[in-house]
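S.K.: Residue numbers (this note's numbering), protein chains in the order written: chain S, 1 to 264; chain H, 1001 to 1391; chain W, 2001 to 2332.
Hints were generated in silico from the structure; no laboratory data involved. There could be a bad hint or two in this list.
Output of the computed footprint for chain S on chain H, the stretches with three or more beta carbons under 8 angstroms from beta carbons of chain S [to be verified]:
(1) 1058 to 1066
(2) 1174 to 1186
Below, simulated DSSO-like cross-link-like pairs (lysine-lysine); rule was C-alpha separation at most 30 angstroms, straight line [to be verified]:
(3) H:1209 - S:202
(4) W:2191 - S:48
(5) W:2191 - W:2144
(6) W:2261 - W:2018
(7) W:2144 - W:2018
(8) S:194 - S:48
(9) W:2261 - W:2144
(10) W:2018 - W:2191
(11) H:1055 - S:194
(12) H:1366 - H:1309
(13) W:2261 - S:48
(14) H:1209 - H:1366
(15) H:1055 - S:48
(16) H:1055 - H:1209
(17) S:48 - S:202
(18) H:1209 - S:194
Simulated restraints, written as ranges between beta carbons of each label pair [said to hold, decoys possible]:
(19) S:56 - H:1151: 42 to 50 angstroms
(20) S:245 - H:1145: 33 to 41 angstroms
(21) W:2012 - S:233: 56 to 64 angstroms
(22) S:24 - H:1030: 55 to 63 angstroms
(23) S:256 - W:2169: 33 to 41 angstroms
(24) H:1282 - S:32: 23 to 31 angstroms
(25) H:1376 - S:52: 52 to 60 angstroms
(26) S:233 - H:1384: 52 to 60 angstroms
(27) S:245 - H:1043: 28 to 36 angstroms
Just so you know, even glycine gets a beta-carbon here, dropped at the ideal spot from N, CA and C.
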Amino acid sequence: MHIVVLVKPVPDPASGGERLGPDGRLDRAAVPAVVNGNDEYALEAALKLTAAGPEGSSVTLLSMAPGSAPETMRKALAMGAARGVHVTDPALAGSCAVSTARVLAAALGAMAFDLVLAGVDTSDGVGGTIPAAVAAHLGLPLLSYATRIEPDEPAGSVRVRRISATGYDLLEAPMPAVISCTQALGEPRYPSLKGIMGARSKEIVTRSLGDIGLDPSSVGGGVATTQVLGSTVPPRRGATEVVRGTAQEGAARIIELLTQRRII
Amino acid sequence: MTETNTSPSPYRLTPEQELLRETVRVIADARVAPRAAEIDRTAEFPNDLRELLAKQDILALPFPVELGGVGGDLLSVCLAVEQLSRACATTGLILAGQALSSLPLLLAGSPEQQARWIPRLASGEWLIAFALTEAEAGSDAAAARTMAARDGDDYVITGSKRFITHGSVADLITIFAVTDPAAPRHRRLSCFIVEVPAAGFSVDRLEHKMGLRGSPTAELAFDAVRVPAANRIGEEGDGFGIAMRTFDRSRPGIAAQAVGIAQGALDVAIAYARQRRQFGQRVGDFQMVGAMLADMDARTEAARQLLYKACVEIEAGAPEASRWAAMCKLVAGDTAMQVTTDAVQVLGGYGYIDDFPVERMMRDAKITQIYEGTQQIQRLVIARALLGRDG
Amino acid sequence: MGAIWVVGEPGTDGRLAKLSTEVATLARELGASAGRTVTGIVVAAEPAAAAAELAEYVPRVLSITDPRAGDHTWSTIAAAVIAGLLESGETEAPELTLMGASADGRDLAGFVSALCGLGVLTNATSVAWGQAGVVVEMSAFGGKLQTTSGFTGGGGIVTVRPSVVTAAPAASAGTVETREPVSDEPLRPVKVVERVSEAGPAAAIEEARIIVSGGRGVGGPDGFHLVGELAGVLGGAVGASRAAVDSGWINYSQQIGQTGKIVRPELYLALGISGAIQHKVGMQAAGTIVAVNRDPDAPIAEFADLLVVGDLFEVGGALLEQLRARPSAPPS
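With the hints as extra help, turn the sequences into a complete structure.
M.R.: As structure tokens, then:
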């Protein structure tokens, strides 16, 4: 079982300092990068699947990101991924979702895998279109919003529970396939300290656009389909009223507020 | 093409150390911090957290890779102790205690002895305690009275040890006992590993302490406990020297605990000063409170940097290892006490009650000025390094 | 002048999803303000009911029957049909294609974007005309920034968040035309082996006016009894934070936050929820946020309207008691 997990470095959501530069692109120097949270859930699922798979099963990370991505990938390697592939190219700055999907698909085209796993969306843009777009480019089935993944290697197929409004849909498709992963798959593990010490010796292969067979003029900021026109920091809500006291007093204040605001 | 190893400025943590610190920080916040108040209240040893540290290889940090460890250097061990102690000093001491109590075995044990005991210490299956102090031999360790009498291929150990961290939960005891009462002071002691339970060994009592309440501090009784000579670490008479070399590497661990406690209290004080409003403004915006926070931050960072530097110097075999170890423990212990006391002050009445963790941190901080050599002993060590011995 | 298309997503019962009625209302308003034609598209195994419903909102609806949509994932089938329509040239090519930012809508947007090379702007909180085409407002970085974006040329796809506009039918219903799906199949349909309903807290949280939500502080599945009782007496739905869902205390369907649901109720009552950024993004648009939490420093203290510091069971119990003791008045 070979699984590729798409991992995106995103600004640390806990840092609070995210901002856009004058060019409308993320100011990457302003905040530390971390692996996108949902991608860590995908990685956890992949690690469990390969641990249960036959001898020699492994997880490979794939990132399309600027040069600092290997530092971010290190944690994912420490969690147990075997190796990383880092697609980076000066031409990729300012890529839109169309380019990103094309590049990831081109990189995947040169890799061998049974499954591609990715988080359902990323914490920076929260677009959530990349898994489907990658599947479309590769001509592979997409099993999205997975809450459970059950591959059947002898049959060469995979079953996925996909969240639905009322419960779940049970999907089935032949492998290889693309799966987008939700947090219902289970909390990501902490990297073990042995994993951390071993991560440095794991290989992160860097690929340029030329390496994956793409013309640099066909992707990236120069052909972006969307552009950021401006950004604002949303107004803070009014000051929070803090009530300490007995439970009865607290409850009474809640009812008073809800009545004032005609909610009840 | 593979990743090029861009060498960072040497005065920074390595990427591994950064990731290690971050990983332990996350674990401490998510798993340790929520337990800290309960551990303090019940004064029960947190076996669940000991198992968590074992599962995450955190207890394997001080041990060599060949023996099942992670092969972390002294600074890496201290980074982990600091992060755990930020959330719960008792939990930080599980790692610090495991590391320091293993030092005689790591520094002076034979390859056979290390292969025999270390894998199960690295896996966290076993805990180990360090038994030097006696009721009448505290700072004056060489005055120990516990005897180890040679009897054929065995030694017979008789006496008692007091203030022994983890003494009641350990599976191995590193004990220092007198093998030659007639020898010069510094050649009287030898070091042994005792596997417990053992015939004649008992835990006589557990102390009721001001702080570190979840960490059992035991009085241990040895009534003719028989130990094979193969369990002696080093030669007869090496004990005092082994203990002193241990302190060069164990004191930074306690300094790390102290820095962690200080940072934990500072974090609480900052959050409170941002949220609490009096006279229509955040209390942190009052200059007197803001200045306290600034001093607390600067002191904590100064203690931390001295600790990190001491670790690097000691690891590099600096001739003044004892001085570095004593200095970082001295500064960090005093910093922890001052910063936690100030944190209580910043929180005012809320700091004095157990709705907030700073009163616990203040009680926990006090021990870092006392154990692993009192602050007075640290000054003695530093002064001796400066002046040399008379004659 | 480019047309506007709006994709109607079939709901579970064969009717139109509520989100699609909102997006259709938005599409009609955008069309009216700039003189664009607006066309609705419904792809389903049995599209008639949803198509008729969509025609209440827009002047013209293409109803496309694809029997495979019955037992395959909808987004794959719909994407193939829509990409076919876009490339056939048979219908006026749109400048804008709107769809809901639901799970299916995002998959659909990704497929169509890749198949047709169209730009996509996601999770719109507002769509309006600017000087050079459409201007889409989105929230980025968990709500810490609001960005406005546009397409560099030729328009594209926009997915629209729930509750951005209030659904309102048009003055007169539009027409429904039936179409055949195009035959080529660029995507791999994925078989739905089984659709499983899981009994859970009944009310759908996306549509609730009041949400009572529980987090890690609730402590276990039993704790959700109180959450449910409060929701019951307030006439609201039960929500949950990721911590509660991950712990298995409540179904994922009730999760609010980054990858759960995004809600915009009039009242959000958060019990034992710290308000981490991942949760905040899902509920910060609520009209009034009331939190009960033991920790006065919890992040939710920064953006709630009212924070009651205390034990959620004590405060929640008292609240339940006082709500029940009130003279019954019809909800305003």
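S.K.: Mind listing which of the numbered hints don't hold for this structure, in increasing order?
M.R.: 2, 3, 5, 18, 19, 20, 21, 22
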